[in-house]
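Generate the whole structure from the sequences, applying the supplied hints.
In order, the protein sequence lines correspond to chains A and B. Mapping of the first sequence onto the working numbering: position 186 corresponds to residue 186, and the numbering continues sequentially without gaps. The working numbering runs 1000 ahead of the 1-based position in the second sequence.
Don't read these hints as lab results, they were simulated from the structure. There could be a bad hint or two in this list.
A few chain B residues facing chain A, derived, Cβ under 10 Å [said to hold, decoys possible]: (1) Phe1119; (2) Gln1321; (3) Val1343; (4) Arg1359; (5) Pro1362; (6) Thr1389.
Not close to chain B: a few residues of chain A, all C-beta gaps over 12 Å, as computed [claimed, not checked]: (7) Met33; (8) Pro169; (9) Ile233; (10) Gly253; (11) His341; (12) Ala407; (13) Gln445.
Computed cross-link-like contacts, DSS-like style, restricted to lysine-lysine with a CA-CA straight-line distance of at most 30 Å [said to hold, decoys possible]: (14) Lys1169/B with Lys321/A; (15) Lys318/A with Lys1196/B; (16) Lys286/A with Lys1169/B; (17) Lys370/A with Lys79/A; (18) Lys1169/B with Lys370/A; (19) Lys1196/B with Lys321/A; (20) Lys274/A with Lys1169/B; (21) Lys1072/B with Lys69/A; (22) Lys259/A with Lys143/A; (23) Lys1095/B with Lys1072/B; (24) Lys1095/B with Lys274/A; (25) Lys1130/B with Lys370/A; (26) Lys1095/B with Lys286/A.
For glycine and all other residues, C-beta sits at the position ideal for the given N, C-alpha and C.
Now for the letters of each chain:
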Amino acid sequence: MSLEAAIAAHSFGLGARPGEVEAAGSAPRDWLMSQLSRPVPQPRPFSGDAFRSGGELAAGFLKLRKMQKDPTALLAAFKTHAQSYVREMGARFAVGFSTKQPFAERLVWFWSNHFAVSAQNPRAIAVAGAFEREAIRPNISGKFEDMLLAAVRHPAMQLYLDNAQSIGPHSLAGRIVNRGLNENLGRELMELHTLGVDGGYTQDDVVALAKLLTGWSIDPDGGGRNGFRYYPIRHEPGDIVLRGKTYPSGEDGGIAALKDLAHDPATARHIARKFAVHFIADEPPKESVARLEAVFNSTGGNLMALAEAAVNDPLAWKAGKKMRSPVEYVTAAYRLMNWPHGGDIDQQLKGAMAAARLMGQFPLAAPSPKGWPDSSESWSGPDAILNRIQWAREVGNRLPDSFDPLALAEASMGPLLQSDTHTAMTKAASAGEAVALLLCSPEFQRR
Amino acid sequence: MMLTRRSLLATATAAGAMNMWDAPLKMAFANVPTEQRFVVVILRGALDGLAAVPAHGDPDYASVRGDLALQKTGNHPLLDLNGQFGLHPSLSGMKAMWDAKELTVLHNIGSAYHDRSHFDAQNILESGGKGPHVLSDGWLNRALKPMGLADGEGALAVASTPPLILDGKAKATSWMPAALPEPDAAFLARVRALYKHDATLASALDRAIATEAKAAAAMDDTPKSGMDMRMRAGYGDVTPLFSGAGTLLANAGGPRVAVLDVGGWDTHVNEGAGDGQLARRLRALDQGLVALKASLGPMWGKTAVLAVTEFGRTVAPNGSQGTDHGTAGAAFLLGGAVAGGAVMADWVGLKPAALQDGRDLPVRTDMRALFKAVLGDHMRVASRELEATIFPDSAEVLPLKGLFRA
Chain A
1 MSLEAAIAAH SFGLGARPGE VEAAGSAPRD WLMSQLSRPV PQPRPFSGDA FRSGGELAAG
61 FLKLRKMQKD PTALLAAFKT HAQSYVREMG ARFAVGFSTK QPFAERLVWF WSNHFAVSAQ
121 NPRAIAVAGA FEREAIRPNI SGKFEDMLLA AVRHPAMQLY LDNAQSIGPH SLAGRIVNRG
181 LNENLGRELM ELHTLGVDGG YTQDDVVALA KLLTGWSIDP DGGGRNGFRY YPIRHEPGDI
241 VLRGKTYPSG EDGGIAALKD LAHDPATARH IARKFAVHFI ADEPPKESVA RLEAVFNSTG
301 GNLMALAEAA VNDPLAWKAG KKMRSPVEYV TAAYRLMNWP HGGDIDQQLK GAMAAARLMG
361 QFPLAAPSPK GWPDSSESWS GPDAILNRIQ WAREVGNRLP DSFDPLALAE ASMGPLLQSD
421 THTAMTKAAS AGEAVALLLC SPEFQRR
Chain B
1001 MMLTRRSLLA TATAAGAMNM WDAPLKMAFA NVPTEQRFVV VILRGALDGL AAVPAHGDPD
1061 YASVRGDLAL QKTGNHPLLD LNGQFGLHPS LSGMKAMWDA KELTVLHNIG SAYHDRSHFD
1121 AQNILESGGK GPHVLSDGWL NRALKPMGLA DGEGALAVAS TPPLILDGKA KATSWMPAAL
1181 PEPDAAFLAR VRALYKHDAT LASALDRAIA TEAKAAAAMD DTPKSGMDMR MRAGYGDVTP
1241 LFSGAGTLLA NAGGPRVAVL DVGGWDTHVN EGAGDGQLAR RLRALDQGLV ALKASLGPMW
1301 GKTAVLAVTE FGRTVAPNGS QGTDHGTAGA AFLLGGAVAG GAVMADWVGL KPAALQDGRD
1361 LPVRTDMRAL FKAVLGDHMR VASRELEATI FPDSAEVLPL KGLFRA
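And the structure:
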């Protein structure tokens, strides 16, 4: 078994499922890139209704406002939204556990964390799942500007960063109602999504971009363009100057501004570094960042080309550079054991969700618009490590004695398995304890 | 007898890194740790200082705050402090501390950074640098060695992983209420052995076991209640985290310094005034601080608690009945060691010409002046350490005076 195949499965993928390292085989780069030429799987419910569109969900959420006078009904309706979010996250975990395109799934997770909307904010809980389904998954191999536009226009982002209710002070609506500009999305769009905090913009630019985005909102009936609707009467009239360039009033002005931001060299620099931090190292080599940046610039933000540049970077092919985040860790463990299978699948998914939450992370629920942190340090505090060990032991306790943990370890980890771990596993009192030791080992906690 | 994680100190840790024969020698040379306690509460997300500490005596307050202005009468009257400033109606526990002269309120406080990014501003708040990302470790971490608390157990983060303020060369521990059963000692010892070539994991596990042993000794730490405490914290009730921290700090062998995070302050929409979103969040903070005081017991008398945020918010409401990112805000210093009962604000009024960029409270006190005062006067850190290593490049920022009881 080749070292590179194991690295492909663990460092670029989600941890190897049985047989996966063989599948990566002798051409692991091709195995990775071929995953991006097929559509990424969508989370699907195991039972019950299909997941609803972001437009429908946002419209349903907006209707809650009319229930203010009946707190019991409001709470019940809100609970329904929260439950459907959790149900969808279960299906999202299931994709991670079973996908044969684990590199594509990693890219989905990377980008939905880059354009973070968070279910920790009650306004986003109904639509967070739909956001990833609709704005991120279809765009991971496309152009950055398309993903940016899809993300910004999605009802989830409009609600999460408060743009849905931002109104141009001089617009028709602004002159009638006691509401006005909200600069939250304008700021985070430049700071987090595109240019980066040092990318060259001022407070005046924040206000200008917020004005350009006035009128961008949500269709109250779930119609419009995937739930997005542009309201001309809320749009700030007149030319607007953003970073020295004048944009016309109207929806097109905002679109043009977003496209310019997507193609700005500062954006290329910001994205290249984040990408390298995710796939290469917490402190990525300068030459790796420079290569990614050059590819982003020269291809006009082609995300397939960006992924390929990371795959072709020789410095990325080193195992154990990063601590797995809790969601990555639980996913790798489930893939190792080929879970969920048999029995109560729903219960097994709930177990995975509880574990990730306990370890301090949950999908699409970051503490801020910056998303979940992406450094080893963030996931290796004392309490965090102890939680993993406790969980691993519990997992081991539930395993039957009827399988061969060493065969499992060798098939999944291959040459990544350390001799100390191997020795400890051979001395373990039970198959379950041996698996628990593997899950606790340094090489399994890292990727 | 069933071995539990509680009884592990003697087995797993000793079996791991430490040479047992070393221990008495180390203890003989160790500094006797300070008796003072210091807690930092980071209010992440930018607390609206004028909501927490209304300047109700300012002639422009009511007009400039509009619907967000707190009222002196009605269902949710603000809690007057000195005729000029008050506390938000949700902060009744803090008002009691004010009445007991255990609370100092600071206004128009902030950093030299005025660019309104949460994340850069939090970096400055926690690193203690002049600008974002100038320093790569936390100021409280740099202070641990001078305080004699750098052994990995003197400082506690109530979190899975210590945040930047406690991150750096000195070791700190982290703790959250336990949610899963304790693995048996033999298993932990085997895991510990796997980490012998991995300093990061080995050190994290050693610290976790030591802290957990103290927590288990100090509180009824059944897994069920731990899970319940975690879930409650997840739903916004922070009292279990505060009382857990207080219990650990009250322990003679426990940490002396603790850091807690309370989020949920980024009120861009429908902030509310006497009641509403922000009022609920402030009530949770207030209840947390009251729980901290209760759990510290007699140690409260030796305690200083600092509650700080990365920046304040716009003076006027934005277009969505909320507030956008601003500049200066409010901070709180409380505890039995604090000479409280004063509002420290170099108040310049609320007229547009007096405001930063015509919209925000201007910074009149650098928060490092407050940090230096707490470390110097309360935790007895020498001023040469404060200037040279903890807050380099801050000679112009003089520590505030008279914040503590003699």
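Hints, verified against the model:
The beta carbon of Phe1119/B comes within 5 Å of a beta carbon in chain A, closer than 10 Å, and the hint placing it at the interface holds. Restraint check, Gln1321/B versus chain A: the minimum CB separation of about 8 Å is within 10 Å; hint holds. At its closest, the beta carbon of Val1343/B sits 29 Å from a beta carbon of chain A; the interface hint therefore is violated under the 10 Å criterion. Against a cut-off of 10 Å between C-beta atoms, the interface hint on Arg1359/B holds, since the closest Cβ of chain A lies about 9 Å away.
For Pro1362/B, the interface hint is violated, the least distance from its beta-carbon to any beta-carbon of chain A being 14 Å, above 10 Å. Because the smallest distance between the Cβ of Thr1389/B and any Cβ of chain A comes to about 21 Å, over 10 Å, the interface hint for this residue is violated. Every CB of chain B lies more than 12 Å from the CB of Met33/A, the least distance being 33 Å, so the non-interface label holds. Not every C-beta of chain B lies more than 12 Å from that of Pro169/A, the closest at about 7 Å, which undercuts listing it as non-interface.
Taking the minimum C-beta to C-beta distance to chain B, about 15 Å, the non-interface status of Ile233/A holds against the 12 Å cut. Look at Gly253/A: its CB is around 19 Å from the nearest CB on chain B, clear of 12 Å, so calling it non-interface holds up. With 12 Å as the threshold on Cβ separation, the claim that His341/A sits away from chain B holds: the shortest Cβ distance comes to roughly 23 Å. The claim that Ala407/A lies off the interface holds: its Cβ sits roughly 20 Å from the closest Cβ of chain B, which is beyond the 12 Å cut-off.
Distance check for Gln445/A against chain B: the nearest CB is about 7 Å away, which does not clear 12 Å, and the non-interface claim fails. As the CA atoms of Lys1169/B and Lys321/A are separated by approximately 20 Å, the hinted pair is consistent with the 30 Å bound. A threshold of 30 Å between alpha carbons decides the hint, and for Lys318/A with Lys1196/B the separation of about 21 Å falls inside it, so the pair holds. For the hint pairing Lys286/A with Lys1169/B, the CA-to-CA distance comes to about 25 Å; that is within 30 Å, so the pair holds.
Taking the CA atoms of Lys370/A and Lys79/A, the gap is about 26 Å. The hint holds against a cut of 30 Å. Annotation: proposed proximity of Lys1169/B to Lys370/A holds, straight-line Cα distance about 26 Å (limit 30 Å). Using a Cα cut-off of 30 Å, the hinted pair Lys1196/B and Lys321/A holds, with the two alpha carbons roughly 18 Å apart. For the hint linking Lys274/A to Lys1169/B, the alpha-carbon distance of about 25 Å falls within 30 Å, and the restraint holds.
For the given pair, Lys1072/B sits about 27 Å from Lys69/A by alpha-carbon distance, which is consistent with the 30 Å threshold. Among the hinted pairs, Lys259/A with Lys143/A is consistent with the structure: their alpha-carbon atoms are about 11 Å apart, no more than 30 Å. As the CA atoms of Lys1095/B and Lys1072/B are separated by approximately 15 Å, the hinted pair is consistent with the 30 Å bound. At roughly 45 Å between alpha-carbon atoms, Lys1095/B and Lys274/A are farther apart than 30 Å, so this suggested pair is violated.
In summary, the hint linking Lys1130/B to Lys370/A is supported, as the alpha carbons are separated by about 22 Å, within the 30 Å threshold. For the given pair, Lys1095/B sits about 53 Å from Lys286/A by alpha-carbon distance, which is inconsistent with the 30 Å threshold.
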